[in-house]
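The working numbering puts the first residue of the sequence shown at 22, with every later residue one more than the last.
By construction, these hints were calculated from the structure, which means they are not laboratory data. No experiment lies behind these values; they were computed from the predicted model shown. Ideal Cβ positions, reconstructed from N, Cα and C, are used throughout, including at glycine. Be careful, since some hints might not be right.
Pairwise CB distance ranges (calculated) [claimed, not checked]:
1. Ser500 / Phe365: 37 to 47 Å
2. Ala472 / Gly211: 33 to 43 Å
3. His204 / Ser385: 18 to 28 Å
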Amino acid sequence: MAEKEGGIVKKGHEEGIKIAVALLEEFGLPLGLLPLADVMEVGFVRSTGYMWILQKKKVEHNFKMISKLVSYDTEITGFVEKKRIKKLKGVKAKELMLWPPVSEITLDDPPTGKIRFKSLAGITKTFPEEAFAAGHTAIGCVLGYLVTLICRPPSEFFRFTVIVTAFGNTGNLPLAIVGSVCHSTDNPFGPECHRTGVAYVSFAQWVAVLLVYTLVYHMMEPPLEYYEVVEEGIEIEEQLPINNISRPLLVEAEWPGMEDKETEHCKTPFIARIFTSISNVSQTSIPHPDSLEEKGPRSPKSIRCLAEPRMVRRIRIVAEQTPIRHILQPPTIATLLAFIIGMFPPIKDFVFGDDAPFSFITDSLEILAGAMVPSVMLILGGMIAEGPNESKLGIRTTVGIIIARLLVLPLIGIGVVFLADRMNLLIPGDQMYRLVLLLQYTTPSAILFGAIASLRGYAVSEASALLFWQHVFAMLSLSMYTIIYFKLLLSYI
22 MAEKEGGIVK
32 KGHEEGIKIA
42 VALLEEFGLP
52 LGLLPLADVM
62 EVGFVRSTGY
72 MWILQKKKVE
82 HNFKMISKLV
92 SYDTEITGFV
102 EKKRIKKLKG
112 VKAKELMLWP
122 PVSEITLDDP
132 PTGKIRFKSL
142 AGITKTFPEE
152 AFAAGHTAIG
162 CVLGYLVTLI
172 CRPPSEFFRF
182 TVIVTAFGNT
192 GNLPLAIVGS
202 VCHSTDNPFG
212 PECHRTGVAY
222 VSFAQWVAVL
232 LVYTLVYHMM
242 EPPLEYYEVV
252 EEGIEIEEQL
262 PINNISRPLL
272 VEAEWPGMED
282 KETEHCKTPF
292 IARIFTSISN
302 VSQTSIPHPD
312 SLEEKGPRSP
322 KSIRCLAEPR
332 MVRRIRIVAE
342 QTPIRHILQP
352 PTIATLLAFI
362 IGMFPPIKDF
372 VFGDDAPFSF
382 ITDSLEILAG
392 AMVPSVMLIL
402 GGMIAEGPNE
412 SKLGIRTTVG
422 IIIARLLVLP
432 LIGIGVVFLA
442 DRMNLLIPGD
452 QMYRLVLLLQ
462 YTTPSAILFG
472 AIASLRGYAV
482 SEASALLFWQ
492 HVFAMLSLSM
502 YTIIYFKLLL
512 SYI
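Please work from the sequences and hints to get the whole structure.
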């Protein structure tokens with residue numbers, strides 16, 4: 022290999038260990054950093070810092086002080102410099118059930134007694150962010166439920182009120198704010214401000230994308246009165262309960278081919294049927310699955326369902342009535358591909374880098390990304406063009422959602438982020454990381470609500486009105502909280 026030209030090579034276990042220990046001492050690295058066994062060859066190129074180690078078998082070592090299990094392959098390579106090994110290959114650190122490759126090992130300078138393992142997959146460094154992205158949504162759901170209890174929206178907008186309070190704009194608005202903050206060279210977050218800010222926003226997006234195309238899509242299912250009832254023909258011999266409702270035309274359009282597979286209680290929209298107690302819908306108008314199963318014939322399938330725990334049955338029904346094609350939308354496919362490419366360095370090298378064979382793909386995506394934020398703003402303008410005149414949500418509920426989303430949730434976010442900081446759950450010293458987390462609690466509701474409302478044919482005017490008023494008041498609340506965030510974050514710099 023070209024990297025090994027001009028290098029010093031020592032063969033055999035004893036000679037190899039000596040040069041390895043000498044290099045660790047010379048560059049200020051811990052002597053126990055490379056627990057090797059049966060070393061065959063160790064080499065080092067002084068001019069470039071390139072080092073390679075060959076050993077007979079793979080070694081796994083548990084660093085008890087940091088509770089980290091690290092695996093060392095039979096070939097280890099990297100570039101050694103003062104208190105750091107970069108472009109490292111052949112070393113993996115276990116995170117949860119995964120073994121992401123470690124690309125860099127760094128000691129703090131000046132010394133703080135800490136050593137950092139940086140993963141190629143980003144799991145070691147950025148794992149907390151996805152947890153906080155999901156946490157912000159969970160807190161928003163609780164807050165949305167409190168809004169429904171206090172403001173008492175019309176019953177058909179119960180679920181709509183909860184999710185529109187819970188799900189904020191975690192994409193284009195944070196990207197626009199990061200771009201505005203980082204556009205000058207004297208920004209307070211350093212020279213890597215824009216790159217790290219965009220990376221954090223993008224990584225937080227995958228949680229939102231998965232939730233939108235699963236939970237939100239189902240929670241935006243229209244109530245029963247929004248469906249067109251299909252009259253039954255006289256040729257149907259099955260005797261249906263009096264209160265049962267035939268399958269809506271909207272469901273037929275979304276899930277073709279389900280007609281032959283449905284059972285009696287499948288003909289009632291499953292969100293209304295499963296979560297009827299939450300949305301305060303009368304039990305007399307929507308029969309519960311248990312009652313339908315008791316009235317219907319005791320087929321083997323119905324007997325199996327009765328034996329299941331209630332929560333398991335509800336999860337199974339949701340999963341069975343969620344065709345995979347509705348989940349595998351372009352954003353979720355892009356998220357899965359990003360994880361696959363990021364988790365496997367050989368694939369990553371084919372896509373990223375100036376000399377990568379498929380670098381034209383990343384160049385094309387960068388061009389599209391430059392037009393993404395303006396394009397989304399145009400879509401937002403089209404959604405709120407009708408104004409707030411047609412909403413049936415009510416002034417009290419509208420005001421409650423705006424106050425909860427734009428005023429109360431950011432205050433909760435400040436408490437959550439700074440509590441996590443006190444518990445050492447965040448990246449030490451990275452203020453851009455904290456800013457992105459705080460922005461997730463501050464933005465108005467997601468623009469995608471308008472698209473899903475149009476797709477489902479439900480609450481289109483209400484979604485348009487809420488987006489209109491939220492973005493009007495967000496000009497004040499977002500500016501106010503951004504100033505507060507800067508005051509809080511810069512006081513730690």
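Status of the hints after comparison with the structure:
| no. | hint | in the structure |
| --- | --- | --- |
| 1 | Ser500 / Phe365: 37 to 47 Å | 42 Å, holds |
| 2 | Ala472 / Gly211: 33 to 43 Å | 36 Å, holds |
| 3 | His204 / Ser385: 18 to 28 Å | 24 Å, holds |
In the structure shown, no violation is registered for any of the earlier numbered hints.
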